[in-house]
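Student: Below, each chain spelled out in residue letters.
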Amino acid sequence: MIFAVLTLLGPLVAFLINGLLGRKYIKNLAPIVAIAGVSVSFLCALVIFYLVSTQGFSVDGTLYTWVIAGDLSVPFGILIDPLSSIMLIVVTTISLMVHIYSIGYMHGDPGFWRFFTYLSVFTLSMLVLVLGNNFLMLFVGWELVGLSSYLLIGFWFHKKSAADACKKAFVMNRVGDFGFYVGLLLVVVTFKSVNYSDAFNAEAIHHIKEAGFVVFGMKLSLIDLMTFGLFCGAMGKSAQFPLHTWLPDAMEGPTPVSALIHAATMVTAGVYMVARCNALFSEAMMTSSFVIFAGAMTAFLGATIGLTQYDLKRILAYSTVSQLGYMIMATGVGAYVAAIFHLFTHAMFKGLLFLCSGSVMHAMHDDLDVRNMGGLKKKMPITHWTYLIGCIAIAGIPPLAGFWSKDEILAMTFAGGHNIAWLVGTGVAGMTAFYMFRSYFLVFQGTPRNQYLHDHAHESPWTMAGQLVFLAFLSIFVGMIFGYPLENGYIHTFLGPVLTPAHAGEAHHMSHATATILMLLSIGVAAAGIFVSYLFYVKMYPALPEKTVKTFKPIHKFFYNKWYFDELYDFIFVHPIVTISNMLWRGFDVNVIDFIVNAFGKVPMWFGGLVRHVQTGRIQTYVFTMVIGLIVLVTIFYTV
Amino acid sequence: MNAILANIGFWVLGITAVVSALFLVTRENPVHSALWMLLTFFCVAGIFVQLDAEFIAAIQVMVYAGAILVLYMFVVMLLNPKSKGFIKMPFKVILGGIVSFIVFLQIIMTLMGADIIKTTKLTGINDPNQLGNVKLFCIDLFTKYIVPFEIVSIMLLVAMIGAIVIAKKD
Amino acid sequence: MLTLAHYLVLSCIIFAIGMAGVLVRRNLIVMFMSLELMLNAVNINLAAFSNYLQSMTGQIYIVFVMAVAAAEAAVGLALIITMFRNKQTINADEINTMRG
Numbered sequence: 001m002i003f004a005v006l007t008l009l010g011p012l013v014a015f016l017i018n019g020l021l022g023r024k025y026i027k028n029l030a031p032i033v034a035i036a037g038v039s040v041s042f043l044c045a046l047v048i049f050y051l052v053s054t055q056g057f058s059v060d061g062t063l064y065t066w067v068i069a070g071d072l073s074v075p076f077g078i079l080i081d082p083l084s085s086i087m088l089i090v091v092t093t094i095s096l097m098v099h100i101y102s103i104g105y106m107h108g109d110p111g112f113w114r115f116f117t118y119l120s121v122f123t124l125s126m127l128v129l130v131l132g133n134n135f136l137m138l139f140v141g142w143e144l145v146g147l148s149s150y151l152l153i154g155f156w157f158h159k160k161s162a163a164d165a166c167k168k169a170f171v172m173n174r175v176g177d178f179g180f181y182v183g184l185l186l187v188v189v190t191f192k193s194v195n196y197s198d199a200f201n202a203e204a205i206h207h208i209k210e211a212g213f214v215v216f217g218m219k220l221s222l223i224d225l226m227t228f229g230l231f232c233g234a235m236g237k238s239a240q241f242p243l244h245t246w247l248p249d250a251m252e253g254p255t256p257v258s259a260l261i262h263a264a265t266m267v268t269a270g271v272y273m274v275a276r277c278n279a280l281f282s283e284a285m286m287t288s289s290f291v292i293f294a295g296a297m298t299a300f301l302g303a304t305i306g307l308t309q310y311d312l313k314r315i316l317a318y319s320t321v322s323q324l325g326y327m328i329m330a331t332g333v334g335a336y337v338a339a340i341f342h343l344f345t346h347a348m349f350k351g352l353l354f355l356c357s358g359s360v361m362h363a364m365h366d367d368l369d370v371r372n373m374g375g376l377k378k379k380m381p382i383t384h385w386t387y388l389i390g391c392i393a394i395a396g397i398p399p400l401a402g403f404w405s406k407d408e409i410l411a412m413t414f415a416g417g418h419n420i421a422w423l424v425g426t427g428v429a430g431m432t433a434f435y436m437f438r439s440y441f442l443v444f445q446g447t448p449r450n451q452y453l454h455d456h457a458h459e460s461p462w463t464m465a466g467q468l469v470f471l472a473f474l475s476i477f478v479g480m481i482f483g484y485p486l487e488n489g490y491i492h493t494f495l496g497p498v499l500t501p502a503h504a505g506e507a508h509h510m511s512h513a514t515a516t517i518l519m520l521l522s523i524g525v526a527a528a529g530i531f532v533s534y535l536f537y538v539k540m541y542p543a544l545p546e547k548t549v550k551t552f553k554p555i556h557k558f559f560y561n562k563w564y565f566d567e568l569y570d571f572i573f574v575h576p577i578v579t580i581s582n583m584l585w586r587g588f589d590v591n592v593i594d595f596i597v598n599a600f601g602k603v604p605m606w607f608g609g610l611v612r613h614v615q616t617g618r619i620q621t622y623v624f625t626m627v628i629g630l631i632v633l634v635t636i637f638y639t640v
Numbered sequence: 001m002n003a004i005l006a007n008i009g010f011w012v013l014g015i016t017a018v019v020s021a022l023f024l025v026t027r028e029n030p031v032h033s034a035l036w037m038l039l040t041f042f043c044v045a046g047i048f049v050q051l052d053a054e055f056i057a058a059i060q061v062m063v064y065a066g067a068i069l070v071l072y073m074f075v076v077m078l079l080n081p082k083s084k085g086f087i088k089m090p091f092k093v094i095l096g097g098i099v100s101f102i103v104f105l106q107i108i109m110t111l112m113g114a115d116i117i118k119t120t121k122l123t124g125i126n127d128p129n130q131l132g133n134v135k136l137f138c139i140d141l142f143t144k145y146i147v148p149f150e151i152v153s154i155m156l157l158v159a160m161i162g163a164i165v166i167a168k169k170d
Numbered sequence: 001m002l003t004l005a006h007y008l009v010l011s012c013i014i015f016a017i018g019m020a021g022v023l024v025r026r027n028l029i030v031m032f033m034s035l036e037l038m039l040n041a042v043n044i045n046l047a048a049f050s051n052y053l054q055s056m057t058g059q060i061y062i063v064f065v066m067a068v069a070a071a072e073a074a075v076g077l078a079l080i081i082t083m084f085r086n087k088q089t090i091n092a093d094e095i096n097t098m099r100g
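Protein chains in written order, with our numbering: chain A, 1 to 640; chain B, 1 to 170; chain C, 1 to 100.
Just so you know, the hints here were simulated from the structure itself, not pulled from any lab data.
Since the model is a prediction, treat every value here as computed from it, not as a measurement.
Among the hints, a few may not be true.
Said to hold, decoys possible - Under the rule of at most 25 Å between Cα atoms (straight-line distance), these lysine-lysine pairs were calculated in the BS3-like manner:
id, chain 1, residue 1, chain 2, residue 2
1, A, Lys379, A, Lys539
2, B, Lys169, C, Lys87
3, B, Lys168, C, Lys87
4, A, Lys27, A, Lys159
5, A, Lys539, A, Lys378
6, A, Lys209, A, Lys219
Could you put the whole structure together from the sequences, leaning on the hints where they help?
Tutor: What follows is the structure in structure tokens.
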């Protein structure tokens, strides 16, 4: 318990110190405070992880009762179990790396202290989300994450694109949060409690299993409705189709923030929530189907868009969208362990890739167009090697991290009989390998395409490069440590108790041969993707890519413009709302509301003009009026 | 014998009070008005004595005739204003008289409605063992009405400070 | 024989005269004097009823009325002095700054 509280206190104290004293007193020392705070969290997370893994340590306790309203009481409670402990590791590790990296990256920025203040809040909010033992604390963390991501994406708020991006992220999340809120209320109404322990009680769930409504002739069970609401929130936070559009735009924030959002804090919240609510989700058949659909769709969408982008950070962003699709898909098929495992490994290599891209960006004077790069291998050896490791990890080549988790997801999907989802997943794995290596080849191999930028490129300082090495190290080994042997690794022993839904007994087990074939298939697809990429961007560059683009021009354009989602939303939502608002403003507001308001001013003025002459300013007139009033009163008194 | 004396006293005092009040209102010169007011106050003090309110009569003479009137005289002398007589609108002067008369009539009408007051002889409230009723008065004032009494004293203090602040040259 | 009615009528007459004075005089000081007259009429009333009801309350009220009258006279006259200083007049019909 004490460690959990310390975990929360670290960033909180750092935030308070930096937030209150940063502008005047701390200034450039802000990172020391922030890093100290996160380090405390990191150490506590390690201790907690150690305790949980070796001694089966777990806590479900109340610090104090926060809200009491009638029968409902909301504790400020802490829950430590394998799931939250592994999330703690992810969040604090990436957060610490990002903090240290930011010293070098954000050096000289006028909002230096502000940046670290926000980072502390971001970490804190994610920790609250992970550590809470009830839905309301989850919600608080959820909204805090939304707020802090808004602040960080819009960190350079004087840039219009950044200001727009943070607004977009906020609004998109709000759409999802509406669903989340509805789901939350349903949970509260159904279980008469916000505590996880009450809601995930097998007996309680069994009790409401049959409850439901008939809407438009379709029978919706209560659990379906509840989980669908919750999943809407996850769609917003974890950038699932169709609410994914904010995530690529979130690139407008500083690169360390992107790393944090993509790897550890923001987008993982949705996956964590679904995994946390596995007891509910595994009972909701319809929602599960939808979850698989949304996940597969997002994975495919992200991969296809990623194929065509030229902006390095955008490529990474769409790969995140795609990988999140994998995780969500995994939760949909009931492979919660695999989902969290992928979240874990993804956090490592995606954090690494983003920090590498930041390093490249630093070297290239904030130019992110991969067409202007090339040949950076010699100039930036550390970044080059770590980026390569990240790419291999995400492509799914054993024995690096991505292989273990991705393969498990695909195997579980296949075993669950979701063949289309499996097919999409495998295809996406190939595409992922292709576009990740595309970015790698374009940036680091070949010949420099912009000599000026290339001449000025340089390796980043050790505050940045050190984190790359550390994360690369993790990317190589965590998968093996936790994932070997496949589908039976340590991660299963560890997370199994909390993430195995009640009816997991019927989980399909494949024969060993099938599993091996699937594994070889996914390695083959990844290798093919890398080979095609090599062919396209090293051997026959730029002839072959150009020819391909020409041949498939409409499709390329469609993917390049991100499936026209932004335009579609503009057309369906933004444009009509703007038009209607304009109409209301010029028509209704000016002519009707303003008229009424003005009338409220004008009518009394007019009457006042009529009666102002009564005010003669002479005392005698007033006295006279008073006496007349007296007479009238007495007369009335006598006559009535 | 006593009753006849009382009767004579009432009529003399009453008529003097009314006449001097009339003079107060009608004299052009404010100094004259103030002097007539003095006479009215004395007559009213006499009426108080008749009503067994000797203490009130005493403070009527001291406070009203002694203090307030002197204050008025001071201001009149100090300002020596040239404003005399009635307001410069004869119509309104007549109207004011009429309105006052109507109020007077209405009050009289009210009195006529209550028969009891015309037949009741006033017996007086003198304590037989004491000369006058100051003791009775004071017992009531300093027990039942002690809080209002204190409040009034504070109000007087406030009024005094206020008057000084307002009137002093700044 | 003197009854309560005698005193009440007397106070009533003085009250009416005072009211007429407030209504028709130009001089603010004389208006104030008329006000004092009205208060005195009320005092007579209170004394008469005190006698009639065999109670001291009426007389105590007279003391309070006198205190109020004194306070009012003090503040009122202070105001008149200030006003005269600013406007060089205390004619009630010439002071109409508050006209609407």
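Student: Is Lys539 (chain A) within 25 Å of Lys378 (chain A), Cα to Cα?
Tutor: holds (19 Å)
Student: Quickly compare the C-alpha distance for Lys379 (chain A) and Lys539 (chain A) to 25 Å and report which way the hint goes.
Tutor: Distance ~22 Å between Lys379 (chain A) and Lys539 (chain A) Cα, so the pair holds.
Student: Can you confirm whether the C-alpha distance between Lys168 (chain B) and Lys87 (chain C) stays at or below 25 Å?
Tutor: holds (16 Å)
Student: If you draw a straight line from the CA of Lys209 (chain A) to the CA of Lys219 (chain A), is it 25 Å or shorter?
Tutor: holds (13 Å)
Student: Would the hint linking Lys169 (chain B) and Lys87 (chain C) be met if the CA-CA limit is 25 Å?
Tutor: holds (15 Å)
Student: Sort out whether Lys159 (chain A) lies within 25 Å of Lys27 (chain A), counting only the CA atoms.
Tutor: Judged against 25 Å, a Cα distance of about 23 Å means the pair holds.
Hint violations for this structure: none, all hints satisfied.
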